[in-house]
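One line per chain: the protein sequences are W and U, in this order.
Under the working numbering, the very last position in the first sequence is 424; numbers go up by exactly one each time.
Under the working numbering, the very last position in the second sequence is 1130; numbers go up by exactly one each time.
Each hint should be verified, as a subset may be incorrect.
[To be verified] Below, a sample of chain U positions facing chain W; criterion: calculated Cβ distance under 8 angstroms:
no.	residue
1	Leu1099
2	Ile1100
3	Arg1103
4	Thr1106
5	Gly1107
6	Gln1110
[What the hints assert, rightly or not] Below are the DSSO-like pairs computed for lysine-lysine, each with C-alpha atoms no more than 27 angstroms apart in a straight line:
no.	chain 1	residue 1	chain 2	residue 2
7	U	Lys899	W	Lys409
8	U	Lys899	U	Lys812
9	W	Lys349	U	Lys1108
[Unchecked claim] Which chain W residues stay away from chain U? Per the calculated CB distances, all over 10 angstroms, these:
no.	residue
10	Leu327
11	His329
12	Gly382
13	Lys409
14	Ser421
Hints listed in this document are in silico derivations from the structure and should not be mistaken for laboratory results.
All C-beta atoms in this analysis are idealised placements derived from N, C-alpha and C, irrespective of residue type, glycine included.
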Amino acid sequence: MLNVGLTHFLVISVTLFSFGMYGVITRKNAVMVLMGVELILNSANINFIAFAKFGNYGLQGQIIALFVIVLAAAEAAIALAIVINIYKTITNINVDEIDSLRD
Amino acid sequence: MINIAIAVLFLPLIGFVVTVFLGSKIKQIYFFENIIMFLSLAGAIILAFFKLSSFGDTTISSEFVWIDLGNTPLMGDIKITLGIMLDNIAVMMIVVVMLISFLVHIFSIEYMRGDPRYNRYFAYLGLFTFSMSGIVFTHNILMMYIFWELVGLSSYLLIGFWFEKKSASDAAKKAFIVNRIGDVGMFIGIMMLYNAYHTFTFDEIFYQISIGNLPFNSEFWLTVTGLLIFAGAIGKSAQVPLHVWLPDAMEGPTPVSALIHAATMVAAGVYLIVRIFGIFTADAMLIIALIGALSALIPATIALTQNDIKKVLAYSTISQLGYMIMALGVGAYTFAFFHLITHAFFKACLFLGSGSVIHGMHNEQDIQKMGGLRKKMPLTYYTFLIASLAISGIPLTSGFLSKDGILAGTFAFANLTGHWLFPIVGFFVAMLTAFYMFRVIILTFHGEPKNREKYEHAHESKFVMVMPLVLLAGLSFFFWYTPNPVNPNDGWVLSEWIKAPELYTPESTRYDFMIPDEEYISHIGTSSEMMYSEKYAEALHAAHYPAMILSLLMAGLGILTAFLFYQWKKISVDKLAERFKALYNWSLNKWHFDELYDATVVAGTVGFSRLLGAFDLKVIDGIVDGAASVTRGFSSFIGKFDNIVVDGLVNFMAYLSGFIGLIFRRFQTGKVQTYLIFVLISIVLLLFLFKSF
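Chain W with its partners taken away, still in its complex shape (with noise of 0.2 angstroms):
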């Protein structure tokens, strides 16, 4: 019997990080970067109901977590609006070529 311990979900939660991480610098495409984002947030909830499992906190971890897909949902629905904004002033959305503010 494979015991599921707190390493497991922690192990899951940075692969998942890890996998936001790259998608985020890697990608091309702002709607890419954006799903980057939301896979890093995943692995923090995750790591959130991990340690409200294991951890003697009650139910704080769960609660966040669910604060955490709320606020995912409305930053995903802003960011998106903003995408969809540079995409009618610069007819682009590709995050390397959105570099006018630089100077």
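Guided by the hints, dock chain U onto chain W, whose structure is given.
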């Protein structure tokens, strides 16, 4: 009392301010000034009446703190008070000042008519009257000094009233500068008193001296202080050697000469000595007497040969003031002040009389060109004659009483101390005075007119000009001062109003006769005629009749000589002058005082100024120029340093920043993902650095 005094003091100031500011707008404003003067005169007479009748010898004073600096680190408590002191001398003096000032105002209405600066003239007279009453009323020596200078200023303004004439503006400058020389001495003296006693008030200074607290704890310095203050009196009262300004001051309008340069302002010096008489030591008094004797003698000899009627009167004024100063020096205090009063009246009368003559003769001042005016100007003639009799010391006149008193004083002094110089000079000058006064009278009013044309146009002056003359001539009679025409001591002026002064100097520094002796002390409170000591009183008494007879002889001799020379022409004046040409020229040229001062003091000052000028040009300017060129050199060095070192540093810093910026610019890609990579790397690095978990 004090309120009346304040009103009398400030009314002329109001007159001055109103007249000077409205003078150019309102033609008739001079009338206001005259009314103000009348009010002042009335106030002064009321003041004197109440003081002399009800208050006796008590001194009324009132003061207020003017400047209070508190406790200062170097000088201690500095507290300067101003105030008014009314004693018999002050109220008598204020009546004299106001009366003569009023009469001169009246006289000037006619005399100055038609002058382009008519109103301004009256304004200046008001300023003068204000300043003079300040001197009279003051209860401290600082306030006296302030008004002293104000009087000097108004004298300057009035001498130079016709400043379009170069001689008038020169005379005004001369008067001002010569007075300044004396005033410097006076100021140093005042400061020495202040340094010693930390007060300017007469009473406190006298008290400190009387308890033996002397400047620098030495009798010598008390003498010096007294003489320094006396220097102010030398300047103001035109005593030798600072007398040269007074004859030149005759450039001013004649009524001004009467008011300022004969009756009142020049008497301020005598008044000052009267005020502080108690602080003079025997040594100081001897020098004062000597200066007075010289001032009586030298100008009297000059007056013998002058041909300008005002010049003769000016020298006679110096001579009479010399009498007063000499009288103070020999201790005849009461007679000195008495002579000050009587002289003020008859000399004002003489000057106004000469003004009337000059006016009648259409600005002719040379007595050689006059003559015979007796018939044309009878009132002027008779008033002038009465005043001349008074100044010569003929019985029944006021001058006889006061002059005789002074001569008796010198006589008694010589008897007690052996200084026979003073009575000899006194009697000799009495003869000279009678001679030159009657020379003027005979040449002006008697004989045949020398200038027919001017004589025909001559006329008696109008009522407003003659009225002051008559009043002043009336005041030259004896009965105003004493019921006894030969002995002034019986009169109210000398027995009740002017008392022998208190002395404050240590007894070791006084003359013997000024130390109270036993008989004197036993008389205190019983007799009203108190004179220092019984010894002195006896000597004075003994000197009275011999001096009177001798002075009468001298005056008679002088008048007789004048008549012999000029009226009956028994002795030819021209031949006499030819025979003693050196002496005659010596007198005509005023003992060459002006030339002497031109050659020494003036030339010395000019030379010294030139030297200083050259010093300025060469040394001071050299130093300044040198400093400038050093500064310039230093500046150019600093400039180079700035350009190369400082600017170099700044530029280097800028260059360095630019260089660094160039490097860091590479990191600023504008791509979010690059930044994220940096963040990631940084976090990993941080985790490695803080791997404590």
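Each hint tested on the structure:
1. Leu1099: violated, 15 angstroms
2. Ile1100: violated, 16 angstroms
3. Arg1103: violated, 12 angstroms
4. Thr1106: OK, holds: threonine 1106(U) within 8 angstroms of chain W, min 7 angstroms.
5. Gly1107: Cβ of glycine 1107(U) sits 3 angstroms from chain W, so the hint holds.
6. Gln1110: With Cβ-Cβ at 5 angstroms, under 8 angstroms, it holds.
7. Lys899(U) with Lys409(W): Given that 27 angstroms is the threshold and the Cα spacing comes to 117 angstroms, the pair is violated.
8. Lys899(U) with Lys812(U): Given that 27 angstroms is the threshold and the Cα spacing comes to 16 angstroms, the pair holds.
9. Lys349(W) with Lys1108(U): Roughly 10 angstroms between the alpha carbons, so the hint for lysine 349(W) and lysine 1108(U) holds.
10. Leu327: holds, 15 angstroms
11. His329: holds, 20 angstroms
12. Gly382: holds, 20 angstroms
13. Lys409: Lysine 409(W) is indeed farther than 10 angstroms from all Cβ atoms of chain U, at 20 angstroms.
14. Ser421: violated, 8 angstroms
In this structure, the earlier hints numbered 1, 2, 3, 7 and 14 are contradicted, and the remaining ones agree with it.
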